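Residue numbers (numbering that gives the first Met the number 0), protein chains in the order written: chain A, 0 to 303; chain B, 0 to 382.
Treat the hints with care, since some could be wrong.
Said to hold, decoys possible - A few chain A residues facing chain B, derived, Cβ under 10 Å: (1) F72; (2) G93; (3) G137.
Stated by the list, open to error - Residues on chain A that point at chain B, a partial pick, calculated with CB under 7 Å: (4) C63; (5) L86; (6) G90; (7) S92; (8) L255.
Just so you know, the hints here were simulated from the structure itself, not pulled from any lab data. Everything numeric in this text was worked out from a predicted model, so none of it was measured. No residue lacks a Cβ here, since even glycine has one placed at the ideal position from N, Cα and C.
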Amino acid sequence: MSSVLTIKDLTEEEFTLPGNAACPGCAAALSLRIALKVLGPKTIMIVPASCISVIQGYYPKTPCRVPVLNVAFASTAAAGSGAVAALELKGKSGVKVLCWAGDGGTADIGLQALSGAAERNENMIYVCYDNEAYMNTGTQRSGATPRAAFTTTTVTGKLERKKSVPEIMIAHRIPYVATACAAFPLDFASKLKRAESMPVRGLKYIHLLSPCPPGWRFPAEKTVEVGKLAVMTGMWILYEWYDGGYNLTGPSKALLEKSRRRPLKDYLSIQGRFGHLKEEDLESLQRDVDEHWEEFSKKLGIRA
Amino acid sequence: MTGNHAVAYGVRDASAEVVAAYPITPQTQIVEKLAEFVEKGEMRGRYIRVESEHSAMAACIAAEACGARSFTATSSHGLLYMSEMIFWAGLGSFPVTMAVVTRTLAPPWSIWNEHTDILSQRDAGWVIMMCESAQEAYDTAIQAFRIAEDERLVQPVMYGLDAFSVSHTAEEVDLLEKKDVEGYLPPLEPSRLRVYMDPENPGTFGNLVGPDRMMEIRHSIKEAFDRARVVIKDAVRDYEKISGRRQVGLIEEYRCSDAEVVMITTGASSGDAKDAADYLRDEGVRAGLVRLRVIRPLPREEISDAVKGAKVVAVVDRDYSFGYGGILAGELEGYIGKKMCRFVAGLGGRDLTPEDFKGIAMKALEMGEKGDVSKEIWWGLKG
Ligand SMILES: Cc1ncc(C[n+]2csc(CCOP(=O)(O)OP(=O)(O)O)c2C)c(N)n1
Ligand code: SF4
Ligand SMILES: [Mg+2]
Numbered sequence: 000m001s002s003v004l005t006i007k008d009l010t011e012e013e014f015t016l017p018g019n020a021a022c023p024g025c026a027a028a029l030s031l032r033i034a035l036k037v038l039g040p041k042t043i044m045i046v047p048a049s050c051i052s053v054i055q056g057y058y059p060k061t062p063c064r065v066p067v068l069n070v071a072f073a074s075t076a077a078a079g080s081g082a083v084a085a086l087e088l089k090g091k092s093g094v095k096v097l098c099w100a101g102d103g104g105t106a107d108i109g110l111q112a113l114s115g116a117a118e119r120n121e122n123m124i125y126v127c128y129d130n131e132a133y134m135n136t137g138t139q140r141s142g143a144t145p146r147a148a149f150t151t152t153t154v155t156g157k158l159e160r161k162k163s164v165p166e167i168m169i170a171h172r173i174p175y176v177a178t179a180c181a182a183f184p185l186d187f188a189s190k191l192k193r194a195e196s197m198p199v200r201g202l203k204y205i206h207l208l209s210p211c212p213p214g215w216r217f218p219a220e221k222t223v224e225v226g227k228l229a230v231m232t233g234m235w236i237l238y239e240w241y242d243g244g245y246n247l248t249g250p251s252k253a254l255l256e257k258s259r260r261r262p263l264k265d266y267l268s269i270q271g272r273f274g275h276l277k278e279e280d281l282e283s284l285q286r287d288v289d290e291h292w293e294e295f296s297k298k299l300g301i302r303a
Numbered sequence: 000m001t002g003n004h005a006v007a008y009g010v011r012d013a014s015a016e017v018v019a020a021y022p023i024t025p026q027t028q029i030v031e032k033l034a035e036f037v038e039k040g041e042m043r044g045r046y047i048r049v050e051s052e053h054s055a056m057a058a059c060i061a062a063e064a065c066g067a068r069s070f071t072a073t074s075s076h077g078l079l080y081m082s083e084m085i086f087w088a089g090l091g092s093f094p095v096t097m098a099v100v101t102r103t104l105a106p107p108w109s110i111w112n113e114h115t116d117i118l119s120q121r122d123a124g125w126v127i128m129m130c131e132s133a134q135e136a137y138d139t140a141i142q143a144f145r146i147a148e149d150e151r152l153v154q155p156v157m158y159g160l161d162a163f164s165v166s167h168t169a170e171e172v173d174l175l176e177k178k179d180v181e182g183y184l185p186p187l188e189p190s191r192l193r194v195y196m197d198p199e200n201p202g203t204f205g206n207l208v209g210p211d212r213m214m215e216i217r218h219s220i221k222e223a224f225d226r227a228r229v230v231i232k233d234a235v236r237d238y239e240k241i242s243g244r245r246q247v248g249l250i251e252e253y254r255c256s257d258a259e260v261v262m263i264t265t266g267a268s269s270g271d272a273k274d275a276a277d278y279l280r281d282e283g284v285r286a287g288l289v290r291l292r293v294i295r296p297l298p299r300e301e302i303s304d305a306v307k308g309a310k311v312v313a314v315v316d317r318d319y320s321f322g323y324g325g326i327l328a329g330e331l332e333g334y335i336g337k338k339m340c341r342f343v344a345g346l347g348g349r350d351l352t353p354e355d356f357k358g359i360a361m362k363a364l365e366m367g368e369k370g371d372v373s374k375e376i377w378w379g380l381k382g
């Protein structure tokens, strides 16, 4: 199933126009550009309050060349369900519904609506772009903020671990769940393509790690580097889940063995949000990563 | 049939296309019946069994944005849980319709009738109507779509049914012929929608608006509401033609023209107030009633016209705003041009009988004669 797209597979046509209001180095804006290239013009986008509501710029202008429905913070997946129902009823099942929400709008306030839509297995694609905090309101912690990260509401570092929405989605037994990272756009594009072209109806969920220069406190030109390190250190695992089984994708495939992974410190030390950490904190976080892999590796290789 | 089932039949006959709903007493029968219609193929629509009222309204909004006629129903806590999306529908001009079975808000828990829930949403950009009977609930369910989708308006419509006295009380209801409804309510043309998600003609709805443009957007909704009275009157007039039954427009005037005391009410207990007016007339007191069928747009002129011959007016609020008073009384004060007595009655489902309304009318007359109507009266309050 793992056909991987190459850059040639992506159309040169742009569906997000230059001049959007994203910060320089914004991985979320970059990924949206890729996503719409994969899904094409017959797509309706549903977006909640988030950085994306700002990235669209001011009415009456818009950088999006597909229809966009802005909805309230908690309501993305529910609005997506209404759109799916209406389009099917109107015989427009060729039009795709893409929900595009932040981690706050997905892991926290929108989780109930998402869980409802997943349980009903609504026929749509849901992408959570995860910049690991409420960025639109100035970097407050979310359920998806990793342990120890500084945010404006966890000034000494977050105490709790990151909530795994992909695992929550897998528990709903929807047809397709994947993680991705904005620094690996072709891996992300391939997963979207797969989600889009699956013959089986239902909710396809992709959780996309989106480095955020101002929120994570690194220079704008380092977005790709930070994203790559998230994966290469094993902090963020790229995988797919379908037919009851997991498989690793992209660089994560080679990282099962601990020695192949870069030290977590390489990822943490280039971000200001982890700048306050002491050596023992780094070790403790490294242990989290190692344990996570150990746990994760047990799930691999099982596919119904 | 009950008022709840009457709504469900009305929604079916209006060919609603997307129903998204969540159960709550005393509304649940509406959405149960609609689920049954859809499952049995008596309705072509889709039924989305959402996980909350917030999601119900979100789904209806997006369905409208994709061109589908949408409906939901709720009550009290469900209505308040939905409130963010209610404003979204109103301020975004999505012509959803919704039945609201009016019910007291907790705490303490109560499932009985009160109007504070529906009135709490009065600033949301919705037309708000109240039904007096199961028949009117059926008629309103159909008219609501016509009003909401009228190109002069294109705003959502909610209509209230009093808990139990309308929602669960069975009466005979005349249903319309499908073809008559089709003539009355043409399919929802996308060209009529303010917001339509069309990949052939993509647009962005709802992105950031600066202070330089927001007032104009709000003003366009205000202008739509300026046209709402005419839209409602036309919808009612045309409905009379297809149903052959007289319909109430913005207000119902009952024995008002020569009345010395006029009660102002809304919803189910208006029937008891009419009985009271009859009894009082038998006793030589010229009493009358104005029933508000429409609360938004508020028919102030119609009301002040209807009461112009009265010595005193008694507004009976089955709702309350703390630190303000009965909501309808507050809204009408200063417009009626009459001495106005303010009664708060029937909160939490406390029974209101014709005897109560007789008492209210007599009390109002007495206060009017004494020349002091300033005191707000909580009718039937136990010591
Ligand atoms: C009901 C509600 N509560 C709070 C807000 C304020 N708010 C807007 S965006 C946002 C944070 C969004 O965070 P996330 O979903 O992670 O997206 P990001 O801004 O990080 O891209 C918050 C708290 C809101 N719009 N609505
Ligand atoms: S705050 Fe972060 S996610 Fe938001 S626009 Fe800026 S870079 Fe993108
Ligand atoms: Mg975020």
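Do the hints match the structure? See the list:
no. : hint : verdict
1   : F72  : holds, 8 Å
2   : G93  : holds, 9 Å
3   : G137 : violated, 16 Å
4   : C63  : holds, 6 Å
5   : L86  : holds, 5 Å
6   : G90  : violated, 11 Å
7   : S92  : violated, 12 Å
8   : L255 : violated, 37 Å
Consistency with the previously given hints fails for numbers 3, 6, 7 and 8, ordered from lowest to highest.
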